[in-house]
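Residue 386 is where the sequence shown ends in my numbering, and the numbering goes up by one at each step.
Any given hint could be a false lead.
[To be verified] Simulated crosslink set (PhoX-like; lysine-lysine; CA at most 25 Å straight-line): (1) K239 / K314; (2) K77 / K198; (3) K31 / K338; (4) K32 / K154; (5) K300 / K235; (6) K378 / K113; (7) K32 / K235; (8) K314 / K300; (9) K254 / K28; (10) K31 / K77; (11) K300 / K254; (12) K254 / K77; (13) K239 / K300; (14) K338 / K235; (15) K254 / K154; (16) K338 / K198; (17) K198 / K31; (18) K28 / K113; (19) K338 / K300; (20) K254 / K314; (21) K32 / K198; (22) K380 / K198.
Calculated directly from the structure, the hints in this document are not laboratory data.
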Amino acid sequence: MYDVAIVGAGTMGMAAGFYLAKDGKKVALIDKNDPPHKNGAHHGESRLMRRAHLDSDTYTPLATRAHVLFKELEAFSNENIYITNGMLCFGPNGSEYVHAIANAADKNHVLYDFLNGDEINARWPGFDLPSDYEGYLELDTGILLNEKVVGTYRRLAEESGADMYMNETVRSIEREEDAVFIDLGDHTIEAKKIIITGGKMVNEILEHMDMELPITVLRKTFSWFDGNKDLYKQDIFPAWTYVDDEGKIYYGFPNIEEDVIKVGRHDGGREIDPATEMEPFGYFNDDAELGVTKFVETHFADSTLNTKSGDVCTYATTPDMDFVIDYTDESKQIILACGFSGHAFKFSSAIGEILKMMANDEVDDIEINMSKFKLSRFNK
């Protein structure tokens with residue numbers, strides 16, 4: 007019998023598997039695919055890492071803990087997974103978003119510089135921003151190499167004795183007083199506890215327990231732009247986000263492994279059925295646009311930038327955009343963690359640690375305020 011079986015071995019599941027296996031637990035990780043892969047929310051080379059968030063009481067402490075754990079993971083694994091070249095948030099003059107992020111940083115003792123548009127352009131000539139723009143530059147964070155992170159968690163979990171059940175479909179989940187049984191067709195996994203981290207397919211898994219959550223799955227696109235590589239190298243250009251007062255949110259990354267920059271849009275997207283195959287990038291006429299091309303043309307100095315390629319991913323979110331991290335009932339046999347897509351990769355190390363602590367009945371040691379993540383909020 008396993009101590010813990012994890013259903014869904016993507017970002018959060020693999021992180022939890024690593025921490026549990028490293029802790030000496032007997033762990034099984036089960037996934038419909040074979041992570042890291044391109045069928046979920048953890049592909050696309052890079053993810054933003056920032057400590058300060060609008061919610062300074064929950065998400066900022068969570069990101070701060072994640073920052074520490076990612077640095078520890080990098081040292082422990084001898085893998086280069088975290089590029090700390092700075093994280094820039096900018097917007098029009100008087101941006102409520104930029105000022106709120108700075109306030110959260112002040113409250114949580116996060117180091118940053120506050121810049122105007124001219125100062126941003128001077129520091130990074132790849133930008134061409136209006137002089138009255140304002141920017142928050144977080145100094146000790148930057149970029150996570152997400153596919154390498156997931157792959158590193160997997161390697162280390164396996165080295166610590168975790169068993170991988172990849173390309174498997176869950177047929178049923180049955181619970182008894184002292185164990186949970188997961189039917190995979192040819193074999194059954196028996197565990198004292200299970201963690202469900204099913205991503206966009208979480209409701210397909212929860213059907214076996216007569217549960218359903220209000221999860222919306224969106225198809226999202228992002229693009230890579232080719233241009234003057236000397237302006238946008240990772241050692242001289244930051245990861246960034248832009249938010250205007252209309253709610254448009256753009257994000258981007260410097261050259262990392264190829265001589266291109268990555269730009270996407272956080273808001274918007276097309277709602278999809280998670281069980282159907284997603285249309286590839288370019289299927290819809292506006293895939294390469296979505297406002298991204300115009301944004302690049304008006305905010306970047308390199309006039310030669312042009313769309314080289316693009317890709318798609320999914321967001322699976324709750325109505326309030328907060329995560330779900332909770333026990334399904336008072337037995338505490340089943341832990342549910344989902345609703346992460348769109349802004350959660352940066353928290354994944356800390357969430358993996360939290361899931362380990364929940365599985366080990368160490369919830370009193372969790373220092374993060376978890377009240378936002380309770381299942382009970384959907385019953386109101």
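Status of each hint after checking the structure:
no. : hint        : in the structure
1   : K239 / K314 : holds (17 Å)
2   : K77 / K198  : violated (31 Å)
3   : K31 / K338  : holds (17 Å)
4   : K32 / K154  : holds (24 Å)
5   : K300 / K235 : holds (20 Å)
6   : K378 / K113 : holds (19 Å)
7   : K32 / K235  : violated (47 Å)
8   : K314 / K300 : holds (15 Å)
9   : K254 / K28  : violated (41 Å)
10  : K31 / K77   : holds (23 Å)
11  : K300 / K254 : holds (13 Å)
12  : K254 / K77  : violated (31 Å)
13  : K239 / K300 : holds (22 Å)
14  : K338 / K235 : violated (52 Å)
15  : K254 / K154 : violated (29 Å)
16  : K338 / K198 : holds (10 Å)
17  : K198 / K31  : holds (11 Å)
18  : K28 / K113  : violated (33 Å)
19  : K338 / K300 : violated (50 Å)
20  : K254 / K314 : holds (23 Å)
21  : K32 / K198  : holds (10 Å)
22  : K380 / K198 : holds (22 Å)
Going down the numbered hints, you'll see the structure goes against 2, 7, 9, 12, 14, 15, 18, 19, while the others check out.
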